[in-house]
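With chain A's structure known, arrange chains B and C on it following the hints.
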Amino acid sequence: MTNAVDVALMIDLLGVFFFAVSGSLLAARKGFDLVGSLLLASLAGLGGGVARDLIIDTVPAAFSNPAYLIPPVLATLLVYFLFSGVERVSNLLVVFDAAGLGLFCITGTIKALEFGLHPVAGILLGVTTAVGGGLLRDVVANEVPQLFDPRDIYALPAMLGAGLTALLVGTGWFNVVTGAVVATLVFALRVLAWRFSWRAPLAVLGWKRSGTA
Amino acid sequence: MTNAVDVALMIDLLGVFFFAVSGSLLAARKGFDLVGSLLLASLAGLGGGVARDLIIDTVPAAFSNPAYLIPPVLATLLVYFLFSGVERVSNLLVVFDAAGLGLFCITGTIKALEFGLHPVAGILLGVTTAVGGGLLRDVVANEVPQLFDPRDIYALPAMLGAGLTALLVGTGWFNVVTGAVVATLVFALRVLAWRFSWRAPLAVLGWKRSGTA
Amino acid sequence: MTNAVDVALMIDLLGVFFFAVSGSLLAARKGFDLVGSLLLASLAGLGGGVARDLIIDTVPAAFSNPAYLIPPVLATLLVYFLFSGVERVSNLLVVFDAAGLGLFCITGTIKALEFGLHPVAGILLGVTTAVGGGLLRDVVANEVPQLFDPRDIYALPAMLGAGLTALLVGTGWFNVVTGAVVATLVFALRVLAWRFSWRAPLAVLGWKRSGTA
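Chains as they are written, first to last, in this note's numbering: chain A, 1 to 213; chain B, 1 to 213; chain C, 1 to 213.
Isolated chain A (complex conformation) (with noise of 0.2 Å):
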């Protein structure tokens, strides 16, 4: 178990990080300044992982280990610096946030589970970590949340991801090469439904979608 944890943190941090660039991004377009920057990638990166430990009943991460506040500052900083073209700002912030979402479906999952909550709320407890820190950061930067865009696919890939990982924790066969494969596994797809418009139904059975989001 104990590999299984250190992949976890490993995986954790980097999740904050790809979470936290898409903050920035979404802070650049939205012409927020630096410090707005900084907020908005703490908030995407450590949100869901917050949600997450609050709900365990733990000390959330981010505030117990220091190394979590590392992450939003690199992730601002190289926006800040490398960023250039403005075209590019929402195909980026798609392809940061799949990636934050093919990493954390997994480790929130584990931190459930390892916590002794059952494979269901594992796996809505992934889910939740999942979809928590980018649904915060397109709430407090006043957008229609990418989580709720009908014109493409979302959580549903998180919650495959979630129910992969409770799946392979059960059996005994999570590990950094099985973790590996359902984190791209879960990138993959949602880059792709967004590359190609996967959708699925509407809310109502036989309504038309309107021509926007």
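In short, the hints are calculated from the structure, not lab data. Watch out, some of these pointers could steer you wrong.
Where chains are identical, the list cannot tell them apart; a pair therefore holds if satisfied intra-copy or between any two copies.
[Unchecked claim] Cut-off 20 Å, straight-line C-alpha distance, at most; resulting in silico cross-link-like pairs (DMTMM-like, lysine to aspartate or glutamate): (1) K30 <-> E143; (2) K208 <-> D149; (3) K30 <-> D149.
Just chains B and C now, with coordinates in the frame of chain A:
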């Protein structure tokens, strides 16, 4: 007290269902897809209770008892298959929301009192539980929350219901019958306030209402 | 340390009042009614502290001490009876918000340090407490948060105040006088930044500001 606990659980699951339907109906109105409908149903149905349980420092019921996941799934399917007319979305949304409000102001207050909070805190937490799920639902869907809509009264019935519940529990008169009376009263007040545009005074003495919210 | 705790409680209640007034003023500007004013005052005044207490895993002060409910009621009545001119809403809102910011970055940091968090986490939680209530206030009222408004500096003064507080507590120099100096400094910096449009660099190097936020 066991009786009160059983009533609370039954009412709680029913309240989750009512709010979940309101979430799926809002998802329909916003043009979200089926997955977004399930997510908004879950957030509306479970959000208030999760907030309540975080505040009284217990693992949220939604994450310890898988039964809480059934009402959002049912609500999503119900809206998907049975719903048809677009003109009735807003009306039905208010009615289901009112039903959830009537039940959650009771269960929230009871759970708070059972955890030893004093009556004032119990009432505050009951109101938080009752309005929390609907507030989260409207906020993540990027709407001005019903809670703050000055065209009718929303929170007052919930405050009254939470206060009556605290009184009934304190005097030992809380049971299935008195609980049902309180829930019906809150539901009726909310629906009547909406139907007949009962209003509270504006936030500033002497200011006039604009034409719309 | 008892002295520091007393100072923290006094400052905390005063901070709740300042943020509560900002909430009622925003409710006035948005055309909400008296109940919405009370709710937005409560959310703005108590939201940051509740988030802080959830993170350090204690029952939120607002739910264990009924005294915390008095400031929102006072703020709602104050705005209802004493407020008249529409043109001053935005200005007063910023001033009261700044006063709350100055106090909460101190009380949040102190409470975190008392619960044994390390200084970096204490500063992070102090900033979270200071900006949390105002963020929730703006988000539920469906506004782009003041926190992210690139036309002036908002979070930097709070970060400075939380950092100075951690330094003063760590060196044993924190007391009523030094606390008051820090609060005044944060308040003054925030109000001056707003009055004279002090700005931070944008999120991306070389991008130009658009005319408005």
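Violations among the numbered hints, reported as their numbers in ascending order: No hint contradicted; all consistent.
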